Amino acid sequence: MTTKALAALITAIGVLAGGLPAAAQGPIRIGASLSLTGTYAKLGNYQNEGYKLCAKQANEHGGLLGRKIEFVVYDDQSAPSTAVRLYEKLITEDKVDAVIGPYSSPVTEASANVTEKYKKVMVTPLAATTSIFKRPPDKKRYYLFMVISPAEAYLEGLVDMAAKRGLKTIAIVNEDTLFAKAAGDGAAELANKRGMQVVFREGYPKGNQDFSAILTKIRAANPEVLAASTYFDDAIAITRQMKELNVNPKMYGITVGGDLPEFYDLLKQNAEYITGATQWETTLPYPGNREFSDAYKKEFGREPVYHSAAGYAGCVIYLEAVKRAGTLDSDKVRDVLLKLEMKTAFGDFKVDQDGFQTAHKMVTTQWQDGKKVIVWPDELANGKLRFPTPPWNQR
Amino acid sequence: MNVVVTPAMLGQVVISGILSGALYAMVALGLALIFGVMRIINVAHGPLLMLGAYATYFLSTAVSMAMLFVVGVLLERTLVFRVVDAPELSSLLLTFGVSIALVNLAQLLFTSDLRSVEYLTGAWVVGPFALSKSRVVAFVFAGALTGLAFLFLGRTKLGKAIRATSQSREVAMVCGIDVQRIHLVTFGLAAALAAAGGALIAVIVAIQPEMGQIWTFKSFLVIVLGGAGNYPGALLGGILLGLIEQVASLFLTTQLSEVVAYVLLVAILLVRPTGLLGGRQT
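Chains W and A supply the protein sequences, listed in that same order.
The first sequence maps to residues 1 to 395 in this note's numbering.
The second sequence maps to residues 1 to 282 in this note's numbering.
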């Protein structure tokens, strides 16, 4: 938090409290259920560290509304049903002052029913599924706010760069699960909008390792662009088998996995030219990003990943909204959040009337000589796209 | 959006199918051996394959096969021999337990991070077809090892003893065959075949602790298709499964290709429960 923000905070407290001795009140307790063990353990812990750093820094700068901030975190073991129980407990038994989101879309989807029931504002930094926020009018969620970009935006960079280079045909494959399918749908829609023809579209089951037949079909369809909405194992398998079957699109991009250092470690020079998509990078020129990364490394002894940064930003955004509202009252904080436009270390924040994120930008990266270079969008890029991708035997 | 299937595409997937089919056959042969000789359904076959892949990653294929032979022998001597004559459920439960233990042990020792052997990537392009270098090499090795296994079973004294035990344990015993020892060798041999599979698969897909389970299922499918306990049947079943998977993925989708394989399995069980080549006549 900057000194200016601190001054604003103190003013806000002065106005609100009207001389009430701040120390007399207990801390503001913010409750969260996080996946500290189970399938999402690694990522849930990163998010938790983001929360911790945010709370620590806020407390060093005088806390919130003149009170200290304290996080009450329980472990939901990556199970949505456990998280439901924990949010119920946080709100009714622990009587926390506020809540903040859990890790992942499925856990958020389940927990949001509880927080809505008690009319608690919940900024949920790591839920990327559109359907959690975009719901029919009678099932609308009023108090839920999204931070990261939706799944549909993951392949936007690839499609945009391809369209700008005059490419006309695209093949899209995706793992047949909620998130990956949404990313594939998003790519198809964007491609159509940009006048590109989707010449091939197919899903494959989770855990699939043999892509020979799919790639044979793709080779026959001969697209200029191949977009794969993947996790990690499948991205590795598809890439290796593309080389085995000599499939040579001019551009080839994947979603999750392509930005991880392990991707290059495993594929070595075969990862060259491949684009990946990510919500955030340490190198992005967002205000406070460098400071965040430094503080994070100092605090936890490792590089932050996007889950850490999103958790941190979600907490910062919520605190800022409370500060501007001057109260913890859900409806007033909600009004502020709906209008809030903010830049954090994680990028831009702005939501529409459904709490759906509209300002945060995904970035597209490309492996160039073993380095991950940000090639899209132009205003955030630190290098140029290498194009076109040469055939496998000329790399 | 639909791609019209051309003869060249069909040729390509038939090649892919045969290449992976040979691997299926070799891995399934191990499972068929254990079932044929000991009447045990070894659910831990896939995880043994996974161990073989790791051993190859850190050491070499030959060492991996030798090591897994020893692991197989130890498993048989300490645990599996106890369930040889027990109801089939006991052997299922036991090997299922071993399977879970192996996977978790691997997670502990090697972590869940993917590892890969970037060896022979790329393809030989022949006319309209692309032949994956690593898969062709895996095919050749799988073929050679399977051939050796058949030679061993057909020509050597020990191999004949294994087949005799498989046909009738009692008669084999009466003929003076040390059945305990045959069980030991069979289990070791099967584990070594799984290890060879793991070694060859390691150059095709990434190695991770949970890579094995799918191979247990595929091997089952293969030996049921070919005829449980029938060793040439495993060969036929393997190639057949490879072809079915690939051709079905080409004409339908990848999701449906698994359905096709399992529907076929049910159909064969209904029409010809002993498998295509019938069971146990070796």
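Watch out, some of these pointers could steer you wrong.
DEER-style ranges, computed between Cβ atoms [stated by the list, open to error]:
no., chain 1, residue 1, chain 2, residue 2, range
1, A, L269, W, F300, 50 to 58 Å
2, W, G370, A, F96, 53 to 61 Å
3, W, K298, A, L10, 58 to 66 Å
4, W, Q269, A, L269, 45 to 53 Å
5, A, L276, W, G383, 56 to 64 Å
6, W, E189, A, V70, 52 to 60 Å
7, A, L276, W, Q368, 31 to 39 Å
Rather than coming from a laboratory, the hints here were simulated on the basis of the structure.
Since this is a predicted model, take the numbers as computed values, not measurements.
Backbone N, C-alpha and C fix where the C-beta goes; we use that ideal spot for every residue, glycine too.
Taking the hints in turn, this is what the structure says about them:
{"no.": "1", "hint": "A:L269 x W:F300: 50 to 58 Å", "result": "55 Å, holds"}
{"no.": "2", "hint": "W:G370 x A:F96: 53 to 61 Å", "result": "43 Å, violated"}
{"no.": "3", "hint": "W:K298 x A:L10: 58 to 66 Å", "result": "60 Å, holds"}
{"no.": "4", "hint": "W:Q269 x A:L269: 45 to 53 Å", "result": "47 Å, holds"}
{"no.": "5", "hint": "A:L276 x W:G383: 56 to 64 Å", "result": "57 Å, holds"}
{"no.": "6", "hint": "W:E189 x A:V70: 52 to 60 Å", "result": "56 Å, holds"}
{"no.": "7", "hint": "A:L276 x W:Q368: 31 to 39 Å", "result": "52 Å, violated"}
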